[in-house]
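Chains as they are written, first to last, in our numbering: chain A, 1 to 246; chain D, 1 to 273.
Everything labelled a hint here was simulated from the structure, so no lab data went into it. Treat the hints with care, since some could be wrong.
Ranges of calculated distance between the beta carbons of each label pair, as one might list FRET restraints [what the hints assert, rightly or not]: (1) D/Met168 with A/Ala29: 21 to 29 Å; (2) A/Asp103 with D/Ile15: 53 to 61 Å; (3) D/Gly229 with A/Tyr237: 33 to 41 Å; (4) D/Trp111 with A/Arg214: 30 to 38 Å; (5) D/Leu41 with A/Val231: 20 to 28 Å.
On a predicted model such as this, the values are computed, not experimentally measured, just so you know. Every residue gets a Cβ at the ideal spot worked out from N, C-alpha and C, and that includes glycine.
Single-letter residue listing:
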Amino acid sequence: MSATVGKDAAAPPAQRMAKRVGLGRTVGAVMRKELLVELRTLESVPAMSLFAVTTFVIFHFALNRGSVEGDLASGILWVTLLFAAILGVNRLFVADAEEGGFDGFLLAPVDRSAMLIAKGLTLLVYLLALEIVAVPAFSLLLLGPSVGPALGGLVATLLLADVGIAVIGTMVAAMAVRTRARDLLGPLLSLPLFVPIVIGAARCTAPLLAYAHRTGPSGRWLATLGVYDLVFGLIAYALFDFLLED
Amino acid sequence: MASRSYGKGLRALSITTVLAMTAALALTFFYAPLEAEQGFLQKIFYVHVPLAIVALCGFVLGGLFAIQHLRTRDPRWDMRSYVAIHMALIFGLATLITGAIWAKGSWGHWWVWNEPTLVSFLIVFLLYATYQPLRFAIEDPERQARYASVFAVTAGAFVPLNFIAVRMSTAFVHPRVLGSTSNLPGPMRLTFLISLAAIALLYATLCKYELTAKHTRAQVRALRRRLAGETAGTRGRSAAPSALPEGAQRPGSGQPETLAPSFGAGSAPGTVG
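Start from the sequences, fold in the hints, and give me the full structure.
And the structure:
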């Protein structure tokens, strides 16, 4: 009896603490902090939304069109959402790198994957907030056909694409934030990785935003998006620890 | 003494590569029959496709070396990963140029978007083009190596995924016959396989040259530092990894000798046996 107590006491204190603080609690705490900071500073989401709306106006003048549909509408929507997302990706870790957030997190006896999950979920929340503004603005300003009947398919596509953008964005942001040219490297690294997401998402939404032949999003493309999300989720989970090691 | 083992096997490898390249070019021009539809133009196939295959294998190989680096923390694996990706980028550029020439010849345009393989290749190339800027932007050598390895693994996994996605998005237009060896007539197939082996050997040789050069430079720097004190060894920031972490270099002790020889033809991608 006394021997087992002695063994427990001999374990390093950090290990005993790590057992007590679960992954879920850590993720919850980090995410709450992220969202609280965002609510108080309003640094990312308003900028992303404003950027998206302004980009729609620019597309209107650049293309010289009052309304768009089909392929073109789908392309404009995804290009705008992607570039707006990159604004958020660029800001995601800046506070942690500049104000010691990384050091604080690394000192805590918690699983490091919690940082990836919490930041990914935060970015996902940002993207959803962005889309709540951007998609109605798009349908109001540029989209010809009404968005109502296509809403279900559109939401499914947006969700699947957002998960992929959040996973890749978090990983790339963590990589780019500690480099000298972080604002440059973030988009350069992430855009090629986003290409398969754009292919899948744009193919899914093109028939949804057309006047004629309106069909639901193709199951094949939704499945492709899902597989891409899953694979990159696993890669990010396996590699993220190496980005936090100092 | 130590200098004897620098380019161990390099001469033999170089000679083999020159012979293989000569044989491949001779077969391409004098042995392989003219293709019925495209005529002489089709002969670029014997350069373009092997280049593409070797470049892609090089990218994936860089990812595998990077996994090894992350597992062992041995800077030599980072160096191998860097060289594999660096050479694959050069081969990739050559692939894009030969692909554009072929497209211009057979379809009349320098670039066609409905050719999935070429488009995927461009996307992969654009991703890997950020590898050097990423390295260059990180000053701490240890972190540079670690981040570069994370990038190399991610990008290595991206290569096949991207090919699947782009392939799905386009209808087949490319003469698929030329993409696989199974339905090529005998002489064409033989020429293709020998070209593939020659290009793979070229890749392995160039990689080995670069590794040896980097290794030699690191040793020269270490020796010079030992001669002139600490001030002589300061080196500018570079995208390339240093052969060994600063301070770990012990010139004359023979310790870093293991770097170059292990990247021989045996580990070359796509070498057709």
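Against the structure, the hints:
no., hint, result
1, D/Met168 with A/Ala29: 21 to 29 Å, "41 Å, violated"
2, A/Asp103 with D/Ile15: 53 to 61 Å, "55 Å, holds"
3, D/Gly229 with A/Tyr237: 33 to 41 Å, "47 Å, violated"
4, D/Trp111 with A/Arg214: 30 to 38 Å, "33 Å, holds"
5, D/Leu41 with A/Val231: 20 to 28 Å, "38 Å, violated"
Hint violations for this structure: numbers 1, 3 and 5, all remaining hints satisfied.
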